[in-house]
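Student: Now for the letters of each chain:
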Amino acid sequence: MATDARSTQREQPPTLVIEPPRGWARLGGRELWQYRELLYFLTWRNILVRYKQAVLGVLWAVLNPVITMLVFTVLFNKILGVDSGSGHVPYAVFTFAGLLPWNLFALSLSSAGTSLVGNANLITKVYFPRLVIPSSSVLGTLPDFLIGFGVLAVLMAVYQVVPTWHVVFLPFFVLLALVTALGVSLWLSALYVLYRDVQHVIPFLVQLWFFLTPVFYPTSEIPSGWASVIYNLNPMTGVVGGFRWALLGQQPPGTLFWLSAAMSLLVFVAGLFYFRRMERIFADVV
Amino acid sequence: MSTAISISELGKRYLIGAQRERADNLRDAITNAATAPVRRLRHAGSSSGHVNELWALRDVNLDVEAGQVLGVIGRNGAGKSTLLKILSRITQPTEGRIVINGRVGSLLEVGTGFHQELSGRENIYLNGAILGMTRAEIGRKFDDIVEFSEIAGFLETPVKRYSTGMFVRLAFAVAAHLEPEILLVDEVLSVGDLAFQRKCLGQMEEIAGSGRTVVFVSHNMVAVRGLCSRVVEIQAGHVVADGPPDDTVNSYIASQSATGGAVLHLPRPLGKPEELVITAVRVVDERGGTEGPFHSSRPLGVEIDIDVARENEAYQVGFDLLSTDGHVLRSWHTDGPPDAWPPIGTGRSTLRCVIPAGLLNQGRYAVAPRADVYRSYWVVNGDDAIWFEVVKDHLESPFSLTANPGTLAPLLDWSAAEADCPTGSADSGSAVSRPSA
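Here the protein sequences come in this chain order: A and B. Using my numbering, read the first sequence as starting at 1 and increasing by one per residue. Using my numbering, read the second sequence as starting at 1001 and increasing by one per residue.
Among the hints, erroneous ones may be present.
What the hints assert, rightly or not - With a Cα cut of at most 30 Å, we get these calculated DSS-like pairs of lysine-lysine:
1) B:K1141 - B:K1199
2) B:K1160 - B:K1199
3) A:K52 - B:K1141
4) A:K52 - B:K1160
5) B:K1141 - B:K1160
6) B:K1272 - B:K1160
It should be emphasised that the hints constitute simulated quantities derived from the structure, not laboratory data.
Turn these sequences into a full structure, and let the hints steer you where they fit.
Tutor: In C-alpha cells, the structure reads:
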C-alpha cells in the first residue's frame, strides 16, 4: 500500500478535462474504485458515530430485532395464528430470519435516503464521486446485520433448526439485499436534495413496504396467479424469500423469484443513472 | 514551461428562481413535470422571463503555468469561489472547457468532514481521506500532522471538547500535508490566532516554493503579495486584471477606494442575521462628512452601524486598520476596560470610535469591520474594507518640506536625555516619525 501512493505520483500526470455536462452521464466505475478508501472511511465513520452517540451502543443491534421478533411471535403467531408455512421451522426463527434482511433494507433507506443532505458540507466543499455517500450509509448497516445474524444463529441452535446446504447461497441474497437497498436509496437521496418532502415520505414508505414484504407471514399466504405476480414485483419479496430458503430451506426460489430479483436490478441500475445525472447539480442546490 | 491549468471561455450560470422552486415543493414539481419535464430537468431552453439568470463567471480565459502561484482577488461575490469550485469539480461549468494536467487537491475550507463525536486521531484519518489522501499516505504523515497541530495530548479526545483554536490547528495540520501537484486554496487563512496564521502562511510559502502549482483565492493582500507570482482580479465574473502581484493588487486597491469612497456600501449586511449584522461602515471627519480626503491634523471617526437580533453581552465589534499594501496596522475592538464598553442592545445602533489627530501619515488606509462573540467565533471576519485617503497637513518640523515615509505621524517630544528617561516604549514610534529632511 505504501508504494501505491508514490507510484501514482511518479506516473505521467493525469490529465483532467472539465466541460459542461451533456446528456446522460457515464457511471464512472473506475473513478469510484479510485475512491474506495473514502468509501471505507465514510462507512467506518457512519458506524462509529451511530454507536458512539447511543448510550446502549451496539446493544441496539441486538435489542431491535429481538424485541420485534418477540412482539411478532406473540401477536401474529400466538394470537392471530399466523405460522411459518412449514412445520419444521418455528415461527420465532422464521420471523427473525425475515427481519434481518428487512432491517438491513429499512435502516439503509432511512440513513442513506437523507445522507446527501446530511453531508451537504462535504458536497459543497470537496469533490469525490457522490455515489460514495449513499453507498457508505448502506454499507454502514452491515454490522447491525452481522450482529443480528449472530443472534439468529443462537436462536436456531436453541430451537435446533439445522441449516440446509443451501446456506452457501446466503451471501448472494445478502448482496441482493444490499443492491436493493442501495438502488432505492439512490433514488431517495437524490430526490431529497431536490425535494425536502422526501424526509416525510421515507418513514411512510418503509412502513407500507414492510406490509408488502413477507416478513411476519410466509409467501404461501399469497394467492397464486396474478396476485402473486404483482406481489413479486416487490424486490424485497425475493430478498426475504431467498434468504429464508438459503437458511431454513423454505420455499425454493421459482420463476417469480427471478422477477423480484430483476426488479431489484432494475431499480438499482435506473437509480444509478438517475443519481449520476442529478449529481451534477447537487452542490448548487443542496 | 508546461501548462498546468488551461481555462477557455469558461462560464457558469445560476438560475436563481428555478432552484428555489425546485428545492421546495414536490407538488409544484409534479405539476411542472406533467407539463414540461424536459425543460425542468435540463434547465435548457427555459424562458428567461420566469427565472433570474446569474452569470457567476463568463468568458474566463486563463492559463496557469506549472509551478506558478496564481492569486485570485476580487470583491465578495465577484466569482472567485465559483472559479475554485469549478476547478475542483464541486460544481460544473455551464460553458467552456478546462484542461488540468496533474493531481489536483483542493482546500476550500479547513476541517471539512470533521465529526464532533470522533476523536482527534479518527478525524485525522477521516479528513485526510476526504481531502484525497490514501490510508497509507495518512499513516506516513500522521506524526508530522500531530506535531504541526500541537494537540498531541488530546488525540483521543472527541473533537467536540476542543477549543476553537485546537480544532482549527488540527484541521489545518491535515490540510497542510496534502501533496498534490496542483493545489487550489480558498480563503482558509482567516481562521485561527495570529501565531497560527503565520505558521500556516509559512507552510503555504513552503508549498509555493516547492514548485507546485497553486491557485490561491484570498482577501489578504499581504499574503497574496507575499506568496503569489501572478495575480488576477475578478470583477462581476470577468477577469479584469492579470499581471505581477504588485500591479494587480495596487490597481485593485486603487479601484476599491475610487468606487467605495469612505462609505462602505454593503450589497447585503455582513454577519449573521439571527445574531448581529453590520449594515454600514463610515469614515467621517469632525463634521460627519464622508467625502475625504481626511486631514492628518484632525481626528477621524469610524462609525459602524449594527443591527442586533439577539442580545449577547459577549459581542465585540471593531475594525482592522489596514495600510495601503493591506497590512493590518492594528485592530481595535469594543473590549477595553468593562466600564468603557459601549452598550450593545438589540435593534439598530451606531458604534463610534475616534482615531486621534496626527496618528496617520499621508496615504491610503482601509477600515475592515469585524465582529465576534468573545473568544468563540467571528460573526464578521474583516473580509470587506473601505478605503480612504489621508492628506498630511500637520508638521513635525518647519524644516521638513518633503513627505516623510511611513504610516504613523504622531508628534513626539524631544528632550535632552536624562538618566531616568523611559526609552523602551518610545522606540518604534520615534523610528517611524523621525524627520528625514
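Student: List in ascending order the numbers of the hints, as given earlier, that are violated by the structure.
Tutor: Checked against the structure, no hint fails, so every one of them is satisfied.
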